[in-house]
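Using the sequences provided together with the hints, build the complete structure.
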Amino acid sequence: MVLLIYLDTRLHTPMYFLLSQLSLMDLMLICTTVPKMACNYLFGRKSISVAGCEAQVFFYVSLFGAEGFLFAVMAYDHYVAICYPLQYPNLVKWKVCGLMAASSWILGVSDGIVDVVATLSFSCCSSREISLFFCDIPALLRLSCTDTSTFETPIFSCCVLMLLFPLSLIIISYTHVIIMCGSHEFWGG
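Throughout, this note's numbering is defined as the position within the sequence shown, counted from one, plus 17.
Misleading hints may appear alongside valid ones.
[Stated by the list, open to error] For each label pair, taking beta carbons as the anchor points, the in silico distance ranges come out as:
(1) K110 - S166: 46 to 54 Å
(2) Y101 - C56: 48 to 56 Å
(3) A72 - G115: 22 to 30 Å
(4) D43 - S161: 29 to 37 Å
(5) G199 - A68: 51 to 59 Å
(6) S127 - Y33: 23 to 31 Å
Since the hints were derived computationally from the structure, they do not count as laboratory data. Ideal Cβ placement from N, Cα and C applies to all residues, glycine included.
Put into structure tokens, the structure is as follows:
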């Protein structure tokens with residue numbers, strides 16, 4: 018889909034650009050776990066190194082967070098396209114669309130950096146390998162020798178914030194669409 022959108026000039030609109038970003042994020046998200054899973058299956062291994070786990074956590078959290086913000090950006094794009102169709106080209110220009118997509122990527126990567134830096138501050142006292150192909154923060158916290166309770170609340174809060182903020186924006190955007198489309202002025206009545 019990413020290539021189709023870039024190759025077909027009829028699809029060179031902000032809405033399709035955002036869809037291509039979503040497709041790219043989905044493709045990259047799958048690539049954070051599937052190659053390691055396939056490698057473990059082919060070679061009969063069932064573990065991942067701590068460094069591999071940290072990299073996987075960074076990419077997974079970053080891409081998942083970026084996707085959430087991209088969904089919020091797309092909800093705003095849909096709101097403008099539905100409620101202000103004649104003004105859409107003026108409100109969602111390429112520069113605005115690029116900034117919205119870039120902000121999604123930046124906010125997602127920021128979340129990934131915060132989570133990885135927090136988990137890297139722990140020292141590992143058990144095995145340098147984790148017996149999983151998919152690694153997440155709770156798996157890393159279990160390997161730590163230090164007390165992780167002080168970091169668990171901020172990490173959890175950060176993750177909840179990264180879910181609730183985009184979800185709130187999505188709900189607000191689609192609520193405005195429903196209210197606007199339900200009003201008599203929208204239908205000319």
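Going down the list of hints, with the structure as the test:
no.	hint	verdict
1	K110 - S166: 46 to 54 Å	holds, 48 Å
2	Y101 - C56: 48 to 56 Å	holds, 49 Å
3	A72 - G115: 22 to 30 Å	holds, 28 Å
4	D43 - S161: 29 to 37 Å	holds, 32 Å
5	G199 - A68: 51 to 59 Å	holds, 53 Å
6	S127 - Y33: 23 to 31 Å	holds, 26 Å
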